[in-house]
Structures are given as structure tokens and as C-alpha cells.
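Respectively, the protein sequence lines represent chains A and B.
Sequential numbering from 0 applies to the first sequence in numbering that gives the first Met the number 0.
Sequential numbering from 0 applies to the second sequence in numbering that gives the first Met the number 0.
Rather than coming from a laboratory, the hints here were simulated on the basis of the structure.
There's no promise every hint is true.
Using C-beta positions, here's what the derived DEER-type ranges look like [stated by the list, open to error]:
no., chain 1, residue 1, chain 2, residue 2, range
1, A, Ser2, B, Asp177, 50 to 60 angstroms
2, A, Ala130, B, Lys361, 50 to 60 angstroms
3, A, Pro115, B, Ala79, 14 to 24 angstroms
Beyond 10 angstroms from chain B on every Cβ pair, some chain A residues (computed) [claimed, not checked]:
no., residue
4, Gly16
5, Phe33
6, Ile40
7, Phe48
8, Ala49
9, Thr104
10, Leu106
11, Lys160
12, Phe229
13, Phe236
14, Thr267
Every residue gets a Cβ at the ideal spot worked out from N, C-alpha and C, and that includes glycine.
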Amino acid sequence: MRSSLTAQLLIAVLGWGIALLMFFPIFWMVLTSFKTEGAAIATPPQLIFAPTLESYAEVQSRADYLSFAFNSIAVSVGGTVLALAFAIPGAYAMAFHPSTRTRGTLLWMLSTKMLPPVGVLVPIYLLFRGAGLLDTRIGLILIYGLMNLPIVVWMLFTFFKEMPNDILEAGRMDGAKAWGEVWYLLLPLTLPGVASTGLLSLILCWNEAFWSLNLTSSAAAPLTTFIASFSSPEGLFFAKLSAASTVAVAPILVFGWLSQRQLVRGLTFGAVK
Amino acid sequence: MARNCPRALTVASLALMSGLIPAGAARADATLTVATVNNGDMVVMQKLSSEFEKQHPDIHLRWVVLEENVLRQRVTTDIATKAGQFDIVTVGNYEVPIWAKQGWLAPMEDLPASYDTADLLKPVRDALTYQDKLYALPFYAESAMTYYRTDLFDKAGLKMPDHPTYTQIREFADKLTDKTHQTYGMCLRGKPGWGENMAYVTSLVDTFGGQWFDMGWHAKLDTPEWHKAITYYSDILKQDGPPGATSNGFNENLALFAGGHCAMWIDATVASGMLYDKKQSQVSDKVGFAPMPVGDYAGGPTWLWSWNLGIPASSKQKPAAESFVAWATSKDYIKLVADKNGWVAVPPGTRQSTYDQPEYKKVAPFAGFVVNAINSANPTGSTKEPRPYLGAQFVAIPEFQGIGTQVGQTVAATLTGQMAVDAALKAAQSATDRAVKQAGYQK
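So that you can see chain A by itself, here it is in the shape it has in the complex:
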């Protein structure tokens, strides 16, 4: 009894410790965003200070936040929809109609994530230039959809694998075609998994900075570009950068909180057999 109490206490302390450690940078960023530039770089760091909205006003006056935020939403949602549109049929085929090459294909798909993106920057840039996709939301949606496709396929594949083949077979006996199987049986039953895959893809798209910085300039620039415009090699910028980052992560943070239950349910889906 006594030892289990100590163990519980230890786990609680450890859990809180890790949570605080993860949360601290975000807390510090929000705190810094309310400081003046001078206070932001003060040594020793100040915990108590007179808060100011100066940096937020400056950020707002220098860039049109809403246009960047709209682009972020459009390309994240677009990229995720595109990836799911390809990955659902793909994962279905691999999970329920595997061939001898399925395993190899899956591993090969994952291996494409091992290439550093900068290695293909110039070829992709030239392709985009030729296709007129530079600085367009469609261009970013394509890149994001394809970039996340391997992960999305893998996650969906594992979720689909959990589903008993018998249910689909019963559907086929009743005359369902492949499309019907996926739409009426597979997706409703694996919805938590599909939803968490979508959420993860959405977050990955939201935070992607390399391609958005390189392939957009103004018309299709998302929030990552917005943040990048507030750091500077000349002059102080910590407070402004923190304010810009705070408003940039706020939507996805709120969205994450709202969908927390769904996300956890999806990620632990099928964990207990």
C-alpha cells in the first residue's frame, strides 16, 4: 500500500514535471510578447514587469495577419484533404487486398521522408516556376498533401489493419462495392483513427516552414512566413517575434484543445486488444 502510494506520487511528479517542461517555452513566449523590447532581453530575465501591448500593435501595423491566417487555414485544410483523398483508398487496398509487394511499398513510401527537403529545392522550384505554381495556394496544397502522404498512409494502414476483415466481407455478401465498403463500413468504424490522422496532418501542415518560405512570397504566404518576418540580425526583436508567434500558434492551439479528446482517442485506438 505504502509503496504504491509513493509510486503514484512519483509518477504524478514526473508527469507534472514533463508537462511543465513542455509548456515552459510556450509560457515564456507569451510572457515575452507582453514585454517591451528592452525588458525582453534584460539579464537576469524579468518575471515581474509592467505588461504592454506595444509589440502586438507593432506586429499588427506591419503585416496583415488575417491574410496570412487565411492562407494557413486554406493550405493546411487543403493539404490534409488531398492527402486523405489519396491515402484512404491506398491504405484500404494495402490493408485488405495485400500483395507480395505491399510491405516493400509501405517501407519505400516511408523512406521518401528521409530525404532532406532542401535536396530537392531547386528541381521543385523549377517545376513550380514552369507550372506557374509559385506563390499560389494550390502549389502549397500539392506540396503539403504529397509531403504528408507517407505518414497519413502509414497511420491509416495501421488503423485499417485493426478492423476485422469479416465485417467488410459481410458487406460484400450484401452486395456492397469497394466504394461502399470504404464509405459505409470502414470509415465510420475507424473514424477516431481517421480523425486523429487528419488532425496530425493538419498540425504538420500548419507548422511547415521550409516549403512555405521558399515557394511563396506574398499572395499565398502562410503564418510561418509571417513569423519569419519578425526576426532580425540588426536591432532588437524578441518581443515582436514572440507576439507574432503567439498570434500564429493561437488558432491551432485552440483547435488542438478542442479536439484533444478525439486526438487521444484516435492515437490509443486499438491499443488494447
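Put chain B on the given structure of chain A with help from the hints.
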């Protein structure tokens, strides 16, 4: 009802996507995309650009503001692939001659007489000229100088000479260092990078009589001059510098000096306006200015940097772009900034007429030092032995970004004690020699 769902979804997503194709590709008016760094003076330009749009209702501006290194990568990719995403780019005087030679920049050919190119400070103008044509117009320019704390000097009974030498500077630094009170005699750039520590180190080596290459493009780093310069640099930072100097670049040193932790700091002249600004600096009433110190060899090349506006050869709207570039670098623009934000906020270092303004001299006591430093800046000056390259705090070849950053890391290792000066210079020598050999400079 439910049976139609897949089709409805497809239609909806198609509609969503087609709605996302951006407008603005084809317009009768000119829409210029301006790529710039986010330094203070450029931010002011972005804010004031509505005045330009008012004067030119048929020209619209779109802004891409990025941090220097991100911008450099972004713009270089675009210009090298001739993708034409940008109509106006912000480029340093390091890039201008290199890019002009590559045919990446359009020359400035139809400037109005009122632009008065003769008013541009000569060293700045020369740095942007390639084969007798201007390939970019200067937005602001800087040289380097010595900042010091007048109160600490007074307290220690020291006096900064009008033309300090590095020997004197070292004595001052030793006397002023008071580590228990977190006051450090000397702050210098230590963060590795061609534009960070190597900008300062290269100018230090210049005045100690060293150079990067001889006329046959053989690296000259493992020489007594470099040895002396790096030993000086490493010793003064280890003994009189702040802890963790290898993470300090321009900004970090600015913060340290503005927070009262440095007795002296040698860096770009652009810091003077920031140190003098009460909002940014706790020592604004105690800053003294002096020229850059000299070592054994006087009269070598001296620091000059300018941020300029250029027009990529791939721009499809060159006349409109040129009218904006001319506006943003004109006397009228400087006057406009003065009217809106005060004379102390005008972009420095480009025009003699700025320094002839009595109002400017009154609010900016450092103006005289800055204009002298820039006017006497001589990036093409001769090193002790003849050299095949130009530039004072950099080597004006495309490969220098890579070489400079690699040597910068080796030099930083001498500060942390990971490498001795001897070993560091030997390593830097062979790396540099290999790089220029591979690039085909050595015959």
C-alpha cells in the same frame, strides 16, 4: 441522401480548390513585389510606401519581409532560376558586383536628373558600380567604429584617443574589466558566420597586415599576421570579454552594451542610432564614439557595408520598379522620414546631403563619425601584399559565404579553448585552400 455524400464531397472540394487559385496574376496596373530584410530602416520604408502609391496610383506594392539569411536564400534561388517572383530585391554590396557579373541584376539606366547620383557617398556608389553602370541604389550604408562608455573611462581616469590603436584598446580593456560587476572591457562578435565573426575578424586581419589570398589565389591564413590577429582577438575576448562570446553576434552585443555590460564594443556604425535611443538603451547618455582602431598596418581596406535596392533582370516591370527604387533612395524620401519620424531616424550613410543638414547634426552627434568612417572606407584598398580580390570585411567571391562560415567556426573554437590558435589556423588554411582550388581559382 446519404448515398450522394461522396459526390457532394468531391464537388465541394473541387469548388474549394478552384476558389483558392489566387487572383492578381493579370492586372493592367503594375504590381511590384518587393523583397526586403526586416531591419528597422526597411520597416520604416514599408510603412511610408503608401506615400509612393499615392503619387503613383497605377503602381501597387506587395511586400515580402524576411530575416537576412532567409531572404538571401530565398532571393538567390529565385534569381538564379530566373523565376521572376520579385521586382525589387534588397541586396548587400557583397552580392551586387557578383550578381551584376552573372547578369542577374538590371542596370539603373534612366534615373531622373533630380536623383543626383553625385550626392551618393563615393565609396558606397563605387561598391555598387560594375563596368561603369550602377546595378543597385543604396538604401543605407555603414562602416565600423568603436563605441565606449564615457562614464567608465572617466571613473578609471582613461581617455580615448582620437585615433586609437589596438595596443591601447587592449590596455583599456584590461583596466576596465570588472567581472564581479558583470562589466566586460571588450565585446566583439564571436558567433561563427561569414557575416558575423568573420566580418570583424577579416577587418582585424586587414589592419594587422594579413589577407585571405595572394595573387595566385593561394590561401594566406597560416601566416604570422593572421596568427597575431587571431591571438589578439582570442586573448582579449577570453580575458576581457563576456562569457559565452561565441554566441554573440551584432544583436547580442548590442543588447549587452545597451544593458551596460560592455565598456567597449567595435562594430557597425548603424548601432550608434540604436545606442543613442533612450527606448532601446540604458546607457544612451554615456556612449562615446571613436574610429575603428588600427594595428600594425594602417591604410588597408576598411569596413563598408550597404543595403541596396536592385531590380532582378527577370522582372517584367522594370520601369515601374526603377521608379520605386529611385523614390526609396532619394533625397525626398530622406526628407519624408525626417518629417514623419524625426531626423535621427533617417536611413544613414548614403547621401552627403543628409550630413549637410544642420538638423541632423543636432540630433545625431555621431553623424560626423559615421560620415567620416564611410567616406574614408576603402573596401578596395590594398593589403600589405597585393591581393586578387576586393572587399574589406569579406572577400567578394561567391564562394566566400561557405569559406567564411567554415573558417568562422574554426576561429570560434579558439575562443572556447577547443583549439589552439596554431592548430585552428592550420585547419583554416587547408580548408580555404581546398575550397578555392575546387572552385578553380588557382591556376
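* **Numbered hints the structure breaks, given as an ascending list** => Violated hints: 6, 12, 13; rest satisfied.
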